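Trainee: Chains as they are written, first to last, in this note's numbering: chain A, 1 to 295; chain B, 1 to 301; chain C, 1 to 260.
Rather than coming from a laboratory, the hints here were simulated on the basis of the structure. Here the structure is a predicted model, which means the values were calculated and not measured. From the three backbone atoms N, C-alpha and C, an ideal C-beta is built for every residue, glycine too. Please note that the accuracy of each hint is not assured.
Under 10 Å between C-beta atoms, here's a sample of chain C residues computed to sit facing chain A [to be verified]: (1) PRO91; (2) VAL92; (3) VAL94; (4) GLY99; (5) PRO105; (6) PRO107; (7) TYR113; (8) ASN115; (9) GLY119.
The residues making up each chain are set out below.
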Amino acid sequence: MRPGRAPLGASPSAFDRARRTKGRIFAFTCAAAAFVGVASLGALLVDVIADGASRLDLAFLTGFASRFPERSGIRAALAGSVWLLVLTALISFPLSVAAAIHLEEYAPRNWVTRAIQTNIANLAGVPSIVYGILGLALFVRGLRLERSVLSGALTLSLLVMPVIIMSAQEAIRAVPSTIREAAYGLGATRWQVVRGQVLPMAMPGILTGTILALSRAVGETAPLIMVGAVGFLAFTPQSVMDPFTVLPLQIYSWISRPQEEFQPLAAAGIIVLLALLLTMNAFAIVLRNRARSGG
Amino acid sequence: MGVDLTRKGSRKLGESLIGTALFACAAFSTLVTVGVVVVLARESVAFFSEVSIVDFLTGTRWEPMFQEQHFGILPLVSGSLLVAGGAGLIALPIGILSAIFLSEYAGARLQAVLKPLLEILAGVPTVVYGYFALTFITPLLRLVFPGTDIFNAAAASIVVGLMIIPTVSSLSEDALRAVPRSLREAAYGLGATKLEVSTRVVVPAALSGIIASFILAISRAVGETMAVTIAAGNLPNLTLNPLESIQTMTAFIVQASMGDTPQGTLAYRTLFAVGMTLFLMTLGMNIVSQWVMARFREEYQ
Amino acid sequence: MTTIYDIEVGEEGPALETRDLSVFYGETMAVDHVSFRVPERSVVALIGPSGCGKSTLLRCFNRMNDLVRGARVEGAVEFHGQDLYAPTIDPVEVRRHIGMVFQKPNPFPKSIYDNVAFGPRINNFRGDEDALVEASLRRAALWDEVRDRLEESAYSLSGGQQQRLCIARTLAVTPEVLLMDEPASALDPIATQRIEELIYELKKDYTIVIVTHNMQQAARISDYTAFLYMGKLIEYGPTDSIFTNPREERTEAYVTGRFG
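Using the sequences plus the hints, can you model the full thing?
Mentor: Okay, here's the thing in structure tokens:
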């Protein structure tokens, strides 16, 4: 043993004690940081529920927006959000899954594929409001779809597609290559391999990614302001060409009212919106867990 | 023995039709980018035919709605950067420390609780954060700093910071986890403590991945719209004081589109010029982030 | 240098034949000018140390190498005199006549029945599906073990049963040749023995090419053995002469366990 070193088990030196204390402080700081997010989530929920719970009742869910806060409800907004959710899913899901299949199962490794892949990654990082500008210029004005449910759904579809494509790619990549080999070995064509084996195995993962992306779309406000969703509507959309509003926008329009009486309405709207999103998320998580445990 | 192994025309046609359709869907994403660029560029070019690009980039007054118009974008850019910088001050340390906690310290059960909660934090709509800033954070700030404006950059910074914590923590955690076990074991084998292993071995090894997550998070903060529109106000104001009311690029775009601006007017085009600036700034940051991330992956694959 | 080791192929000619076959992965040459013949209804074993190119060679016979990025084939591979790499040939069609069983059992995550029925279904099979599934499972010596649980997941079977299911699945497409890539390497000795017995049975109706690491296995089940080393075919001939009286020194060194 070198001189100056205490044997194992001897009482620790001052240096070692300081080292141990530093370690504890650091561990505590890290733990505290990890709980900041959780704590603020808690604070947010308490804030919203305290403000809005009293305003939440059946009349609120079934009533239309009104100048009088006590009579206002979210019927039009809720209907608009559902319309948009369904249409966006119908447009974005097939296109995104097809793109993901191409990139994972068909695309040769060349510069075209790399360019498409890089482009998708970049699109995923474009701020949502820029999609709103695109929607305004392209769908509302360019294609003259006006301020309709369809304009909104097309804009949101462009917004969520990169996210769905990338998560679908991940799900497809997770299918073991031995499964593909087995199918090819039986004389399956590329499409038969994809259709018969790869897609069914990847589907839970693809659906999870899609639901998470769509739940993001349901919470979007900015791009829909751009394409002209309105904050005050006394009817529900009957067709894709009707004007519309959505929950987040209704909430925003209540928040931006100067009168105090509208704030509880905004909070109540937020409770409904969060409940909707949590349901979607829970559904996605259940699907993911089932996919992980291997079905 | 006559076995026919040749290609059948019908099957070949069907397969190649499917292949083409799939390719078209993938290539469609490129059209979206082209669409964004063309839409932004067309109106921006028209805008710059009326407003000098030098005035736009260096002017310190943003007054497009006034009788005497000024189109200096600096107040908007500084507003965006003030909010994003403040958000970064909050999210970067908290995000990286949570990432270290999750990857180095937390047991499986704690992880199973914390990670979904962080995912939920990331999934809360921005309009909700705006409400939280206005009704919770701002009153708190005004309690501590009585001179704070009702709409102020600080409240927006704080909620945007909360919003991007999950981006930093989850991407940094991925980077930390990608550091090979053998490196950690080597350090432990030399008698290092967990603190030393974490801060002197794992974090430096994962540094480029962590930096990539920082840049991406700041880019998200710059692009954030609703929380800042609600909480930070609509007053283009070249200031570094976070307690004052300001306007970000995104908030201006929302404000400009709320009124029914007629197509072809200068006011309508302003929106695209600001949108172009925002797009280029975030795109630049995203590309840098991807580049750093790609270099990180090369190190460990 | 090209050597064709002549073996008896009968009047119909060989089922499979390669001439000057070389395979490249990018710049690397995995198979180096290999020429040999596989007689009908026989078992040919490909042996050699890891990385000698035996699996690559096997995968040329049903064009599975097409699926590997950067793989390139030179020379000829013939199936009853037809060049499998001619431009008019459809690799999908090739695989329907030349089936393959892989190293690790790779059943689809579906029921036992659906695993066997997948091949016939994609091939537009119009006959009695139940009968075909039963016949295939019987041929693979699995029927008695699974007849009451056809709707259960294939993953509920043991490793050896899964591998026999994979063989049944391949037989259901009614191929003429079976390619087997170390089919028993992931199995325990008892499951291995069952697979070997099965191969012995199948040889009556099928031409079988099998890659194996296990020399006792090659000696037990094959009629002809090919020894490959660093991509080259070193020696090829009847199995007994390869094992008891090899002409090449390297072959002798390998079969007696002095290297590899």
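Trainee: The structure should be examined with respect to each hint, and the outcome stated for every one.
Mentor: Results of checking the hints against the structure:
1. Contact between C:PRO91 and chain A, as hinted, is supported at the beta carbon level, the nearest pair being about 9 Å apart and thus within 10 Å.
2. With a cut of 10 Å, the hint placing C:VAL92 at the interface with chain A holds, because the nearest CB-to-CB distance is about 5 Å.
3. A least Cβ separation of about 8 Å between C:VAL94 and chain A falls short of the 10 Å threshold, and the interface hint therefore holds.
4. The interface hint given for C:GLY99 is met, as the beta carbon of that residue sits about 6 Å from the closest beta carbon of chain A, less than 10 Å.
5. The criterion of a C-beta within 10 Å of any C-beta in chain A is met by C:PRO105, whose closest approach is roughly 9 Å, and the hint holds.
6. Because the closest C-beta pair between C:PRO107 and chain A is about 8 Å apart, less than 10 Å, the hint holds.
7. At its closest, the beta carbon of C:TYR113 sits 15 Å from a beta carbon of chain A; the interface hint therefore is violated under the 10 Å criterion.
8. Among the interface hints, the one on C:ASN115 holds; its C-beta lies about 9 Å from the nearest C-beta in chain A, closer than the 10 Å criterion.
9. Interface hint status for C:GLY119: upheld, as the beta-carbon distance to the closest one in chain A is roughly 4 Å, under 10 Å.
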